[in-house]
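Chains as they are written, first to last, in our numbering: chain A, 1 to 291; chain B, 1001 to 1663.
Hints were generated in silico from the structure; no laboratory data involved.
Don't be surprised by glycine CBs; every beta carbon is placed ideally from N, CA and C.
Hints are not guaranteed to be accurate.
Keeping only pairs whose Cα atoms sit at most 27 Å apart, straight-line, the calculated DSS-like set for lysine-lysine is [as the list claims (entries may be wrong)]:
#1 A/Lys59 <-> B/Lys1650
#2 B/Lys1576 <-> B/Lys1156
#3 A/Lys59 <-> B/Lys1344
#4 B/Lys1650 <-> B/Lys1576
#5 A/Lys98 <-> A/Lys59
#6 B/Lys1156 <-> A/Lys98
#7 A/Lys59 <-> A/Lys112
#8 B/Lys1576 <-> A/Lys98
#9 A/Lys98 <-> A/Lys112
Chain B residues, not near chain A, derived (Cβ > 12 Å throughout) [what the hints assert, rightly or not]:
#10 Trp1026
#11 Ser1116
#12 Pro1131
#13 Val1170
#14 Glu1212
#15 Thr1268
#16 Gln1333
#17 Leu1449
#18 Arg1587
#19 Arg1592
#20 His1593
#21 Glu1596
#22 Ala1635
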Amino acid sequence: MPTRYGWAYLVMLTAMLVGSINYGNNFGFLLTFLLGGVGLVSTLHTWRNLSGVMLVSGKALPVFAGEPAVFEIVVRDCRAGGQTVEIGLEGAGAEFRKVDLHADQNRRVRLKMAARQRGRMITGPCVATTVHPLGLFRRRRCLAEHLECLVYPAPQRSEPTAFAANGGGAGSEGADENRSGSEDFQGLNAYRPGDPLQRISWKASSRGQGLYTKDFTGARGEIRILAWDAVAETDIERKLSILCGQVLDADRNRDAYGLELPGRVIAPGGGEAHRHRCLTALALFPGIESS
Amino acid sequence: MTHSAVAHIPALIAALAVNLLPHIGWLPWWVAGGCVATWAILLLRVRSGRSPAAPRTRRLLTLAGILAVLVGTGGALDRNTAVALLWILATVKLMEVETHRDVVVSLFLAYFLGVSVVFFTSSLMAGLFVPVGLWVTTAVLVRLHEVPGGWRRPLKVSARLLIQAVPIAVVLFVFFPRMHGGLWGIAAEQAVSGFSDVLSSGTISEIVLSREVAFRVEFEDEVPAIEHLYWRGLTFDAFDGRSWHRSGERGRAQPMVFGGRPVQYTITMEPHGRQWLFALDLPVEARGRLSVYSDYTLMKWRKVKQNYTYAVESRVDYRSAGPSELWEAGYLQLPARGNPRARKLAAQWRQQAGVSSDVVDLGLRFFRENGFRYTLRPPLLGDDAVDSLLFDTRQGYCEHYASTFAFLMRAAGIPARVVAGYLGAEPNPYADYWMVRQLHAHAWVEVWLPQSGWTRRDPTLAVEPSRILQGISEALPVEERSDLQPFRGRLGAVSELWDQLQLGWDAAENRWDRWVMAYSPQRQRSMLGRMGFQLEGAAAVLVLLLFAVGICFLLAVLYRYGFSQTREASSDAAQKAYWQFCARLARAGLVRHPHEGPLDFAIRIGSRRPDLSGEVEAIIRLYAYLRYGNRGGRAALRNLRSRIRRFRPKPERRRFFRNAVDV
């Protein structure tokens, strides 16, 4: 618990004490003991300072594997406040941040930790440490036993031809008003960067005519069913990654898409919540770490 | 680092400056001045945003500083040099501050320098001022770890730390074993006025001009009457025509018969750099390792360089028990020639009276009846000093009268010696001790009479009887009184107040001296004994010490945690209680989401941890009722608080390993 400055302080006090004994100087004794008392009392202060620090709420937005997970926590000092504490997550790759806690103020802190694997990431304890007031002792206190973050599989882009099922795939249930039975091909537009790759007319480009985008009428685009079986891969993780990529593409395209996984089927749909649902299903797909 | 390290430099300068003040009394002016100048320049540079100092400047200054100190102190390697060098070092270190570590090191240096004053002074003033320096230094250290802000909070925290440290310091001070016999520790040699071993015309009239305290007396029982307050210090037996010296011979002591009761008292002597000590006429026994010599003076083995306390028993009513040997030759010695008129006068008295005591009376009558004047500014005496005084000038101070009277007695065949010391004392209204000041300095004569042995006969009393009862300023002629108290006439009431303040301060300082500085091993043993600890040996005391510190610590801990939160407005309190509840759940692994409402939170917890759901639901419901229903009042709040206090969720057994780490 004592920091290195704490040890140095002790050495300084010992030197003063020895000097006082040597010269038999009572005044020296008095001052040495006063400083010693200050050191002792500061232990109590350091201890007590953290007693009022608490974690009010915390959340982490889902990230993709390989990205750093960002935990946003709200911390509060319900005592006198005005101290500087260090807050961080324990574990490899953890960083501690210095936070100034004023009295009666909720303070938002962002902590980062590398998310390596998909799934429900559980971190080590979130702790706060302080050396206030004198920097002689350090106290560590656990604010949260762990924090959680959902990690989606890392998306992997695949070839545009990999998705086969197009509209009317078997087992697509749930009529959706966004479904347009067949697209009406309207024509070709010059390719603009940002156009979805799957709309590029490859025939045209293979003929050497340049890049053109197919333009369709119809409201939102196609309905796609992203099926587990349709992915040409054997490794589970790679499959998940590919599916994840597909989901992201579909979402960017504003297509309606559904997900078919062994044991879980999500009806086609669109939007944020739908995307989250699909990605969550992919993230939590039982895999290596199943119990 | 909430401030950058360099931003702390002004604060460091403040800390060092406050710690420098008590040193000014002894530190060579160029060291102090150089340090202050360097700090001022540093301050300007830091304020204007420039870097503190180039490495070359630093090295140059270091060298210059060290050289200055060595040259100034003459190369002596003692405490003064060491501390002066430490000041230089601290100043240079200040210029090098770049990191957090540098700031802390500078502060530790400041602590050390602040405490090092104990080598140089032990006055109450220092005792009051050094803690102020420590307070400021501690405040700077606190500021290092605070949110950026002003000075108020660090100073407050620092003060709180110091005040809370006082009980621990007191306990440690009382119980920490004292090994040495020395009382006072080493202090700087202060020049104090006092007697030398030559008594000549003008000696005492010069001593008397100082109001400094020569020593302080505490009487155990009653204080003797004022006419008995003769404080004996030195005896002079060799006269060379102008001055009296001490030959070193004393003869043997004579048995005495005492009347009345013994007077017991303790004297604390201010340092005067000599070996003699003072005692009430006639000292009989001195406690400790002092002995009373045959001329009834006390000597210390080593010179009195710091305050020295000793206890004596004296008898004011004494006479010799019978005839005994006397070193007559010494006490009848006179120079071969000089002062013929005085010798003739003495021979006359010898013829007139038969008995020695009558001769003495004749002598005293002579002084009483011939218009002698008691004055601090007598005219200069001629070559035959005694004759001049007796027949021509007839003005002098106590040393003149003592000298001439002794001469006359010796010339009349009566052994005599001059005794120097003090007469009178001043009580301190704020404490129960008496102060004897330098202005009480006095010289008188002892004559040897067959019936009573060495008997005191003070010629000054014959000249000016009021001296003894009313003190010096009353005895002197009016125009000379201001010599003793130069400011009195001019300032009037203010000087009255000043006198009172000085007396009060003297009392306080005396207390400080006795309770803190003079805490010797004997004193410690007696104090601990009175508290009930009959222990011997340092080891036992150390154990006791640890025990005492432990108790203090425990008390402090209890104090810290025994205090509950302050009372607040109801809704705020409920909110705070709820936050505490969330914090406890967080520690158990259930973290509330930022905008998650309490009921949703409860549901979430219920699904995750069914074992907690019952209590959690109850608490949250109560909280919602208090907070949003805004009803319920104190009882409900107390209920909520106590439920939350009792709620201690355990984290669930971990089923997943932390999969954020590559195993």
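The hints, checked one at a time:
Among the hinted pairs, A/Lys59 with B/Lys1650 is consistent with the structure: their alpha-carbon atoms are about 21 Å apart, no more than 27 Å. At roughly 26 Å between alpha-carbon atoms, B/Lys1576 and B/Lys1156 fall within 27 Å of each other, so this suggested pair holds. Distance hint between A/Lys59 and B/Lys1344 is unfulfilled; the C-alpha atoms sit about 117 Å from each other, more than 27 Å. The suggested pairing of B/Lys1650 with B/Lys1576 holds, with an alpha-carbon distance near 21 Å, which does not exceed 27 Å.
For the hint pairing A/Lys98 with A/Lys59, the CA-to-CA distance comes to about 19 Å; that is within 27 Å, so the pair holds. Taking the CA atoms of B/Lys1156 and A/Lys98, the gap is about 23 Å. The hint holds against a cut of 27 Å. For a cut-off of 27 Å, the pair hint linking A/Lys59 to A/Lys112 stands: about 12 Å separates their Cα positions. With a C-alpha separation of about 24 Å, the suggested pair B/Lys1576 and A/Lys98 falls inside the 27 Å cut-off, and the hint holds.
Under the criterion of a C-alpha separation no larger than 27 Å, the hint pairing A/Lys98 with A/Lys112 is consistent with the structure, at around 14 Å. The claim that B/Trp1026 is not at the interface with chain A holds, since no C-beta of that chain comes within 12 Å of its own (minimum 15 Å). In this structure B/Ser1116 is not separated from chain A by more than 12 Å, as the shortest Cβ-Cβ distance comes to only about 9 Å. With a least beta-carbon separation of about 7 Å from chain A, B/Pro1131 fails to lie farther than 12 Å from that chain, contradicting its non-interface assignment.
Against chain A, the non-interface label of B/Val1170 is violated: not every CB pair exceeds 12 Å, the least being about 8 Å. Distance check for B/Glu1212 against chain A: the nearest CB is about 21 Å away, which clears 12 Å, and the non-interface claim stands. Non-interface call for B/Thr1268 relative to chain A: holds, since the shortest CB-CB distance, roughly 15 Å, exceeds 12 Å. With a closest Cβ-Cβ approach of about 45 Å to chain A, B/Gln1333 is found to remain outside the 12 Å limit, as its non-interface label requires.
Consistency note on B/Leu1449: stated as away from chain A, and its beta-carbon is indeed over 12 Å from all of that chain's, at 48 Å minimum. For B/Arg1587, the condition that its CB be more than 12 Å from all CB atoms of chain A is violated, with the nearest at approximately 6 Å. Distance check on B/Arg1592: its Cβ comes as close as 4 Å (rounded) to a Cβ of chain A, failing to clear the 12 Å threshold; non-interface status is violated. Non-interface call for B/His1593 relative to chain A: violated, since the shortest CB-CB distance, roughly 5 Å, does not exceed 12 Å.
Consistency note on B/Glu1596: stated as away from chain A, yet its beta-carbon is not over 12 Å from all of that chain's, at 7 Å minimum. No Cβ of chain A comes within 12 Å of the Cβ of B/Ala1635; the nearest lies about 22 Å off, and the non-interface call holds.
In this structure, the earlier hints numbered 3, 11, 12, 13, 18, 19, 20, 21 are contradicted, and the remaining ones agree with it.
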